[in-house]
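Fit chain Z to the given chain G structure using the hints.
Chain by chain, the residues:
Number of protein chains: 2
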Amino acid sequence: MSGLIVQKYGGTSVGNIERIKNVAKRVVNTKELGKKVVVVVSAMGDTTDDLVKMAYTISSKPTEREMDMLLSTGEQVSIAMLAIAIQELGHDVISLTGSQCGIMTSNRHSKARIDNINTTRISYELNQGKIIIIAGFQGINSEQDITTLGRGGSDTSAVALAAALKAEKCQIFTDVDGVYTADPRIVPDAKLIPAISYDEILELASLGAQILHPRAVELAGNYNVHLEVRSSFNENSGTIIEEDIDMEKVLIRGISLDENIAKISVLEVPDKPGIAFKLFSSLAGADIHVDMIVQNVTRSAVNDMTFTVAMDELQNAVNIAQEFAFEVDAQKVEYDKGVAKLSVVGTGVVANAEVASKFFEALYEMEINIQMISTSEIKISCIIDKEKGKEAMKYMHKKFDM
Amino acid sequence: MSGLIVQKYGGTSVGNIERIKNVAKRVVNTKELGKKVVVVVSAMGDTTDDLVKMAYTISSKPTEREMDMLLSTGEQVSIAMLAIAIQELGHDVISLTGSQCGIMTSNRHSKARIDNINTTRISYELNQGKIIIIAGFQGINSEQDITTLGRGGSDTSAVALAAALKAEKCQIFTDVDGVYTADPRIVPDAKLIPAISYDEILELASLGAQILHPRAVELAGNYNVHLEVRSSFNENSGTIIEEDIDMEKVLIRGISLDENIAKISVLEVPDKPGIAFKLFSSLAGADIHVDMIVQNVTRSAVNDMTFTVAMDELQNAVNIAQEFAFEVDAQKVEYDKGVAKLSVVGTGVVANAEVASKFFEALYEMEINIQMISTSEIKISCIIDKEKGKEAMKYMHKKFDM
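Protein sequence lines correspond, in order, to chains G and Z. Be aware that the first sequence starts at 695, since it is given in our numbering, and climbs by one per residue. Be aware that the second sequence starts at 695, since it is given in our numbering, and climbs by one per residue.
Pulled out of the complex, with its shape left as it was, chain G reads as follows (with noise of 0.2 Å):
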C-alpha cells in the first residue's frame, strides 16, 4: 500500500499517560504529512511482568494457554488507551487486538509463529481514513485462541504487518537513538551506525545488542522490508536497515557482547551415529535454541559435546540433556553459567583474514582463555569467562579503531 507506515513503539515509550499522550502526537504528526499510519504497541511499562507475577502468586507452573489469555490484556490496554491519545487530538482512531486485525498464527502457545495476516479489516479501515492501533505480541491459532509471540513478538507483529501490507517502510522506536558499534553503556566512545544490512545487525542483535529482536530482522530480510531503529524520545535519524548496504565500504560493523547465555557439557557421549541428531533434535522439540556446538573427541569412541543456549532456558535445556545422557549411557552433565560471548561483526571479515588474527590477538593481549569459537561469512564469536567480557568489548572497540 503506498504511502503506509507502520510504527512499533516499546513498553518503555509507552510507559506511562505523558509517554502516551507523547506517542500520540508523533503518529498524529507522520498522519498529518499524508501518511496512511499503521502503529503497532507493546504493553505499557512493567505491565507484563506485573501480570506474570500475578498468575505466579497462585500458581508455579500456570498454562502457557492460561498465559497468553493473561498477558495478551497488557497489550489489549496499551491500544485502547493510545486510540483514546490520538481521538484526543481530533484525528479517526481505531484500535484492534491481534485477532481483529488478523495475525493468524500456530499453535504454540507462548512461543507461537505467525502463519499469515488477513489484512482484510485493516485495510478497510486504513481506505476510511482512519489511524490503526494494533496490539503487538499476539495473535489468533486455528482454534481461535489467543497466543502470544515469545520474545520480540512485537517487534515481529510490526514487520510482519508491514510485509503484507507492503508498507513504505517499518519504524522501530525505542529508548535509545539507534544500532551502535558496541553497546554504549559499556563502551562510551561506540559510534551510531547510521546504515546497515540485514545480514549484519542480524549478527549484532543476535549477539546481544537487544536493539531489535533478530526474529523481525530475519523476518524484515526476507520481505525486504525497510526498516528504522529510531528514539521515541528524540527526531533524531537513528538506524537504517536494508538490502542495498554498500558491502564493500565497512569491513567491521560492531562489536558485541552476550552475557546472557550459558554453556552446557554432556560427557563421554558413546561415538554412535545420529546421537547428535538425537541431542539437538530433543532440544529444537522444547523450541530450545542451541547457539554454538562443539564437539570434541577426547579418547576413542567417546565425544564431548557442548554448546550454549540462552540463560532461561537452561533449566530446560539441562533436564533434556541429563535424559538425553541417561539414554545414551554418556557420563554427566555439566553447566556454566559463568560465561559470555563476544563476537566481531562485519561483512569484512571472513573476505579478510586479518580481522580474525586481529581478533584473536587482543584476546592473548588480554590473557584471555577462549572457551569456544565459531564464525560465520560475517561474524567472528568466542565463548569467554564472563567475568571478562565488558574489559575484552571495550579493549576490542579500541583493536578495531571503531
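Calculated directly from the structure, the hints in this document are not laboratory data. Heads up, some of the hints might be wrong.
The list treats identical chains as interchangeable, and a pair is accepted whether it falls inside one copy or across any two copies.
[Stated by the list, open to error] Under the rule of at most 25 Å between Cα atoms (straight-line distance), these lysine-lysine pairs were calculated in the BS3-like manner: (1) Lys755 x Lys824; (2) Lys755 x Lys715; (3) Lys1031 x Lys885; (4) Lys755 x Lys719; (5) Lys1092 x Lys1052; (6) Lys719 x Lys747; (7) Lys824 x Lys1084.
Just chain Z now, with coordinates in the frame of chain G:
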C-alpha cells in the same frame, strides 16, 4: 444440558488472590459433585473503575468502542487467573472471552444487548470434561468488535448462558446472603427471603435492592432459568428465584428504597397530540430508561411533564429535555437530585386495598410529602424527599410487620 450448573462470581468475590483461590475451591467442589460447571466472572475488585479513571486522564470523552476495548481486559485477567487457580487444584479448565464463547451482541458499545449465543465451543469443551471460565460483561458484535453489556452485564451473561445451555440452575454468588425484605444496612430487622418469584424480585431489584440486575432477572423469567442468589463467603442457602412460588401465601415481600434517581420536569408544554411520544422516544433513542412519568394539566392547553431517570443519566436526559423544550416551545426544564423512590413490593399489593392505604397512612404519619405515585400489579412506589428516605423505609418495614 443435564447436570450443568452456571455460577457467577462478582468483582468482590474475585477481588484478590485469596478470594480467587476461594472461588476456585467452590467451583471444584461443585465439579466434584459430578456436575458440569460453567463459571462467569467479573473484573477483580476495582479494576474497572481504575481503568475508567486511567482513560479519563487522557480524554474527557473517550469513544465507547475504545472504552469497551479497554474495560474488557478486566474480565479477561479474572478468567485467566481463576483458570490458573483451578489448574493448581488439579482440574481440567479453560477460560474463554466473550468472543470465544460465542456471545453475539448488538453493535451498541457500552450498553450492548445479547442477540444470541453460539454454544459450539462451550459444548465442545464441556464434553472434554473441562470446567469453563467465561468473561462476563462482554461479547462481540457483527463487526467482530468487543462490546460490553453495561450495568448488570455479568449477571446477564450468566443467565443468558444458563438459558442457552439449558442449565439445571444459575447461581449468582455475591457479597450478601441473598435477597432481604429491605436493605439490611438501613433496616437491621430485615429478613432473608428464602424464595421469591421473578416478578417480585424484578420489582425489588429495579427499585434499588442492588442484588441482582433486573435485566438478568427479566431474562431468567423469559427463559424460565432457575436462579439462586448466594454469598460467596459462606455456605448459606440464599434466595431461590423461580416461577412457581406460592403467590397467595405472602402479601408483602419487601420494602425498597432507590436513592440513585433524579426528577426532571418540563414545564408548560403546549398540549398537542404526540408531544409526549416525541420526548420519550428521543430519550429511548439515547438508551435512557425513564421510570415514573406524571403529566399534570396546569392550565388550559399547557401541560407539565415530570419523569425520573437514574442519576448517571441525568445530564444526558436534561440535554434531551432542553432540546425538546426549545423545539415545542415549552417554558423551561427543571431537575431535582434530592429525591428517592420508596416502594412496597409483593403479590398482595393490588389484591389487597389495605396495603395501599397502610402505605399512604405511614407516609402521612411521618409527615412526608408525596411528589409522584406509580403502581403496578405487585408494587406501589412514591417519589419523596431523599433526606427522609431511610427513615421512611425503616418506619414502613415496621408498619408492615416484616
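What hints, given by number in increasing order, does this structure fail? The structure conflicts with hints 3, 7, although it agrees with all the remaining ones.
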